[in-house]
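Construct the entire structure; sequences and hints are all you get.
Protein chains: 2
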Amino acid sequence: MKKNERISVITKILSDHPNEVFSYNYFTDLLEAGKSSVCEDVAIVKNAIELTGTGYVETYSGASGGVVYHPQVTREEEVSILKEIADQLQSPARKIQGGFVYYSDILSNPRYSKNIGRIIASKYGQMGIEYVVTTETKGIPAAMETAHYLNVPMGLIRRSNRVTEGATTSVNYISGSSNKIKTMYLSRRIDLKDKKVLVIDDFMKGGGTAKGMTNLMEEVGAEVMGICVIFVTRSPAEKLVEQFTPLIWMDDENLESGLRVSLHLES
Amino acid sequence: MKKNERISVITKILSDHPNEVFSYNYFTDLLEAGKSSVCEDVAIVKNAIELTGTGYVETYSGASGGVVYHPQVTREEEVSILKEIADQLQSPARKIQGGFVYYSDILSNPRYSKNIGRIIASKYGQMGIEYVVTTETKGIPAAMETAHYLNVPMGLIRRSNRVTEGATTSVNYISGSSNKIKTMYLSRRIDLKDKKVLVIDDFMKGGGTAKGMTNLMEEVGAEVMGICVIFVTRSPAEKLVEQFTPLIWMDDENLESGLRVSLHLES
Chain W
1 MKKNERISVI
11 TKILSDHPNE
21 VFSYNYFTDL
31 LEAGKSSVCE
41 DVAIVKNAIE
51 LTGTGYVETY
61 SGASGGVVYH
71 PQVTREEEVS
81 ILKEIADQLQ
91 SPARKIQGGF
101 VYYSDILSNP
111 RYSKNIGRII
121 ASKYGQMGIE
131 YVVTTETKGI
141 PAAMETAHYL
151 NVPMGLIRRS
161 NRVTEGATTS
171 VNYISGSSNK
181 IKTMYLSRRI
191 DLKDKKVLVI
201 DDFMKGGGTA
211 KGMTNLMEEV
221 GAEVMGICVI
231 FVTRSPAEKL
241 VEQFTPLIWM
251 DDENLESGLR
261 VSLHLES
Chain Y
1 MKKNERISVI
11 TKILSDHPNE
21 VFSYNYFTDL
31 LEAGKSSVCE
41 DVAIVKNAIE
51 LTGTGYVETY
61 SGASGGVVYH
71 PQVTREEEVS
81 ILKEIADQLQ
91 SPARKIQGGF
101 VYYSDILSNP
111 RYSKNIGRII
121 ASKYGQMGIE
131 YVVTTETKGI
141 PAAMETAHYL
151 NVPMGLIRRS
161 NRVTEGATTS
171 VNYISGSSNK
181 IKTMYLSRRI
191 DLKDKKVLVI
201 DDFMKGGGTA
211 KGMTNLMEEV
221 GAEVMGICVI
231 FVTRSPAEKL
241 VEQFTPLIWM
251 DDENLESGLR
261 VSLHLES
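The listed protein sequences derive, respectively, from chains W and Y. The numbering of the first sequence is full-length UniProt numbering, which starts it at 1 and goes up by one. The numbering of the second sequence is full-length UniProt numbering, which starts it at 1 and goes up by one.
Hint data in this document are derived by calculation from the structure and do not stem from the laboratory. Errors might be hidden in some of the hints.
[To be verified] Here are the simulated DSS-like cross-link-like pairs (lysine-lysine), alpha carbons at most 30 angstroms apart as the crow flies:
#1 Y:K2 / W:K46
#2 Y:K193 / Y:K182
#3 Y:K46 / W:K3
#4 Y:K182 / W:K95
#5 Y:K205 / Y:K195
#6 W:K46 / Y:K46
#7 Y:K83 / Y:K195
#8 Y:K3 / W:K180
#9 Y:K46 / W:K35
#10 Y:K35 / W:K193
#11 W:K205 / W:K193
#12 Y:K211 / Y:K95
#13 Y:K35 / W:K46
#14 W:K205 / W:K195
#15 W:K193 / W:K182
#16 W:K35 / Y:K2
#17 Y:K123 / Y:K35
Written as structure tokens, this is what we have:
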């Protein structure tokens, strides 16, 4: 394989497997090239990826040396991605009876869920996250993409007790929107004991679901390293959880005059 | 930017945006390079990607010329990916009371859901699919990845009527596992009229859910181009839908002696 082609192949492999360490031997075998050539190739890829602002490549030298790609989103790109989503949210056609805003299509669009996942992974990339957890349903795609970029599994919390999950651990929580006591369930086959977890949710009003998830994490012995919520309403100002990172604020106090949204980064 | 770096950048962009057409002008502007250089670079990337067996790059010439990457999975890679999943399924620890097999963690692992998405997208890449639809919950990650690789949105069918989806179209269906009549709902804000859709589900026993989804697609005027189901049980042999593509067969007639699984490709 020619040098140019090797560079293309290395780029593709690193880019497809964020936060996964590849040994130099893996590449020398795959590309049938010497170690010094591969080292040169990797240095070029490292440069190119850093030039695009989509992350950085780390290399470890020595016998057990390796290469790993850490995706990152620049502040500028983050603002531009979230602004595009925020603009869409403000369309009057998205108003739903009962003071809700329709956003299911946005989170089910791979383009947006991938970008949201990249943004969240970029924020928590240095924290040694071992598991991403979310509660079904609408936040699953973004949580999944976050898990992909962090190279960790996702644990799915259910809102009803499903036979297919086997034995579960459950906690009760107060659903903010309906003010009812509900229950969430996590399969006991997902072992989160002493694991560093990142909690992701698509929407927060009172914070009941997020609070429930942190209680559930405590119950199973996991360490919550952060809570990241995609859409958070301005009111009520007091949420049931104290520490969380919102991506987009929804100012829904007076929805009749239209939803106003703002980015957390800019507020 | 040097030629080597340009090649790395082009590879990353094409690989991150499968089935999306980029004009040559996009690259000449981004890379500050002439069109003939970019054409050469693209030819090298095309070669390299084809050498890795992960797909092919199509180029259109002319004033409105462009470049697009179509991911593909070779039969050999498909067998190896599905075999790894099948092997895991056979672990006795996965047996759940009531004759079920625990696989939620497999589909929630980005590594597997991405690969499954690539496999499905590879099968339906030539059919002009405009939407991927799935029913919540466990199949969402794989459906999402399929949508990503096909560069189309995903439509999420709900098992209960959620206020956040707005007005919905609903159909009744028979849930095979419980033999009860249930209802599935699709937001009317997702316009599938005359759209070519690919239906994805994680599990099929009797085929009731898949049948419900095809009825729902008929109801909203969509054209079902295919039904792809990740895990399908051997019994009952007669399913409620006639045409579908299974990835992995579960031979669960005698679960006490352990689940036997086989790949559709090999059967």
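Structure-based check of all given hints:
| no. | hint | result |
| --- | --- | --- |
| 1 | Y:K2 / W:K46 | holds (13 angstroms) |
| 2 | Y:K193 / Y:K182 | holds (24 angstroms) |
| 3 | Y:K46 / W:K3 | holds (14 angstroms) |
| 4 | Y:K182 / W:K95 | holds (28 angstroms) |
| 5 | Y:K205 / Y:K195 | holds (27 angstroms) |
| 6 | W:K46 / Y:K46 | holds (21 angstroms) |
| 7 | Y:K83 / Y:K195 | violated (34 angstroms) |
| 8 | Y:K3 / W:K180 | violated (61 angstroms) |
| 9 | Y:K46 / W:K35 | holds (25 angstroms) |
| 10 | Y:K35 / W:K193 | violated (55 angstroms) |
| 11 | W:K205 / W:K193 | holds (29 angstroms) |
| 12 | Y:K211 / Y:K95 | holds (27 angstroms) |
| 13 | Y:K35 / W:K46 | holds (25 angstroms) |
| 14 | W:K205 / W:K195 | holds (27 angstroms) |
| 15 | W:K193 / W:K182 | holds (24 angstroms) |
| 16 | W:K35 / Y:K2 | holds (22 angstroms) |
| 17 | Y:K123 / Y:K35 | violated (34 angstroms) |
Consistency note: the structure conflicts with the earlier hints numbered 7, 8, 10 and 17.
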